[in-house]
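**Student:** Keeping the supplied structure of chain W fixed, place chain C upon it in accordance with the hints.
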Amino acid sequence: MLELVVISTLNGVLFGMLLFLLSSGLTVIFSMMGVLNFAHASFYMLGAFFGFQLTKWIGFWPALVLAPLLVGVMGMTVERYGLRNTHKHGHVAELLLTFGLAFAIEEIVSMIWGKSPLDYRVPALLDFPAFTIFSTNYPAYKIFMLAVSVIIFVALLIVLKRTRVGLIVQAALTHPHMVGHLGHNVGRVFMVVFGVGSALAGLAGVIAGPALVTQSDMAAALGPILFVVIVFGGLGSLPGAFIASLVIGLVQTFAVALNGSLASAFGPLDPSAGPSVLTDIWDVTIAQVAPIVPYVLLVIILIVRPMGLMGTRES
Amino acid sequence: MTTAATSTSKVATDLAGGSLRFYGVWLLGIIALIVLPMIFSSGGSLTSFSLIGIAIVFALSYNILLGQTGLLSFGHAVHYGLGGFAACHMMNAVVSHGWPIPLPFIPLFGGLGGLVFAVIIGWVMTKRAGTVFAMISLGIGELVASSSLILRSVFGGESGITTDRTALPKMFGWSFGPQLQVYYLIAFWLVLSAIAMYALTRTPLGRISNAVRDNPERVQFIGYDPHVVRYLAFCFAGFFAGVAGGLAAINFEIANAAYLGAIQSGLVLFSTFIGGTAYFFGPILGAILVTYLQLGLTNLTSVWQLYFGIIFIGIVMFSPGGIAGLLMMHRPLIRAGTLWTVIPSYLVAIVPTVALACGVILTIETVARFSGGDPINLFGIAFKPTSPATWMVAAVLVIGGAFVARLTWRRIADAWDKAATIARDRGYLA
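Going down the list, the sequences are from chains W and C. Sequential numbering of the first sequence, starting at 1, is according to my numbering. Sequential numbering of the second sequence, starting at 316, is according to my numbering.
Next comes chain W alone, as it looks inside the complex:
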């Protein structure tokens, strides 16, 4: 039991930090520009596929730097030539643009790399067990993932809260005209923020690719959870996204690890009644419910506190 708790906690924190790496980029873009980037998970997927391809050509470590840069440049292109032109039609049009983009990216990726999972391996340098816990080897790569996520998180917070760049970025959010009058190119600030957010997603893709499955439907699988994270945490709130990421990461990991059902706890229902909704609910294991747990959390938070955990406003 203790083994399960320790391992699941480790994995849960790891998954949570990965979710946070993704949702931080999304949250920064949202709170800056008011646009929820539906294609964010697609940029994450692009990061994984670029990482795979570049690893094949030039090795993992250069890929770790190059692939996020590539994704960041793509993000900037999208902002400059897509979102900026769509902005005059309102936020729904922007959201729809990124939705179409997510759709197109998924198709392009499966067109180039195919629909089956890629053989994207952990680099040899990190392919060893970091420590053994309860006779289970914990891979070093996971520790590396955790370290990268934490470093990026801290760096992001410092840049936003403690530097001049962060000051301009935050001011451009609330007073774009004033910042413009002070001689800063607000359009370029937005473009760079969008690029950085996309690059964060790309980085998450490169490092998550070998640990999770690199496949053309990975964006579609993660995208909805990402939105649950930021609605749950409160739209536009970085600390909220952090807490929500950890909560959802932990809850989902523990749910997958547990195999109990109501039937195993209280004994099976009378089988003579035949299959019904009740027996379905009675017999389903917690592991089977794991995929819907985040959405149940979403519904609960909506009923109890519609602005999300740390949200400050009803939009």
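Some hints could be false.
The following label-pair restraints were derived from C-beta to C-beta distances [what the hints assert, rightly or not]:
(1) C:D740 / W:R162: 58 to 66 angstroms
(2) W:M178 / C:W706: 43 to 51 angstroms
(3) C:T362 / W:I112: 30 to 38 angstroms
(4) W:W61 / C:T362: 52 to 60 angstroms
(5) C:G742 / W:V296: 55 to 63 angstroms
(6) W:Q53 / C:I578: 21 to 29 angstroms
(7) W:Q53 / C:S357: 45 to 53 angstroms
(8) C:P415 / W:I112: 55 to 63 angstroms
(9) W:Y81 / C:I578: 55 to 63 angstroms
For the record, the hints were derived by calculation from the structure and aren't laboratory data. Remember, predicted model here, so these are calculated numbers, not experimental data. Don't be surprised by glycine CBs; every beta carbon is placed ideally from N, CA and C.
**Tutor:** Leaving out everything else, chain C in the frame of chain W:
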């Protein structure tokens, strides 16, 4: 005094002509629905007409949310799917209990299936509008789609619930075995739902929904609760989506988890938005186009969904009003008689635009078939995807086409501005 009198009578004749034209359009549509299967009577076209009919009801129901109330939903297929399941269960229950309910009434139960879910979950969902609603609808959609695989006894797991439409009590001696009879059933429900949904746009609720879309705060000031209005619109949309789902269940004689999923939700969003959300007939156009593209392109290319994505992005960026918006833009020009000044520049622009489109298609197909090596047939010319010549042609078409097309588009804009200015001077532009 005299001018006032003449202008009043002019308005009156305009109104009379308008209502004549209005009913004429509906009548023409109904006649077309009746006559079409007599002209195109092959099995394939009957199947596609049925699919289009279902898609139109679904898209119109979606437009109650998106176009009228301004709610962007990413989970509309939930109501469609639940409607489909409700209809299937109802059909099976009718057969096993021997209830005297004939097949044409089944879509009503589909609608109730969609409505019940909207009534239950809608109150929480419509608390907030805009981006938040979009995210929540996505989450709820995923929730229902994933739960459908857990609740096997209701949703039938992976394989779904099957049914037999011919086993129900007959009506007018129709067994609804042949596709033609199913088509007429769908056409009947299409007309009924379209009239009901059009009538809904004319009711005070429809009007206040538009106000909620445009300015919820002012709606609050005049004493309405935007939340209640959104909730009611959500329930109506859920009902008609359920009707569409019920029709689909009758058509396919099966309901499965794919009905509820994200792909179905995405398709209805595509249809509605490509068609245009500002006009009632927009979603109809969009549903026809998208269903035809879907049926036609799947035979031609393996990456048809990519073309959808590109068309959608193009519409969002260049014509947020959709196809309906593009068409209706020309109305004042036609009335003012200045359309002919724009047409020459349209004709000039067609050539480079088509070249650009061909270049894009050639590029996509080249990449898609690169590993397979099947030649691409474009206007009877075969291109080998692996030969450099194909890449050169594609590059020339894309880059050259884009360069020339930009110039001609600017010409259109200039000609358009002139024609619109004249039309405005003559009093035909709002």
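**Student:** Determine for every hint whether it applies to the structure shown.
**Tutor:** Here's how the hints hold up against the structure:
no., hint, in the structure
1, C:D740 / W:R162: 58 to 66 angstroms, "holds (59 angstroms)"
2, W:M178 / C:W706: 43 to 51 angstroms, "holds (49 angstroms)"
3, C:T362 / W:I112: 30 to 38 angstroms, "holds (33 angstroms)"
4, W:W61 / C:T362: 52 to 60 angstroms, "holds (55 angstroms)"
5, C:G742 / W:V296: 55 to 63 angstroms, "holds (58 angstroms)"
6, W:Q53 / C:I578: 21 to 29 angstroms, "holds (27 angstroms)"
7, W:Q53 / C:S357: 45 to 53 angstroms, "holds (47 angstroms)"
8, C:P415 / W:I112: 55 to 63 angstroms, "holds (57 angstroms)"
9, W:Y81 / C:I578: 55 to 63 angstroms, "violated (28 angstroms)"
Taken one by one, the earlier hints fail for this structure only at number 9.
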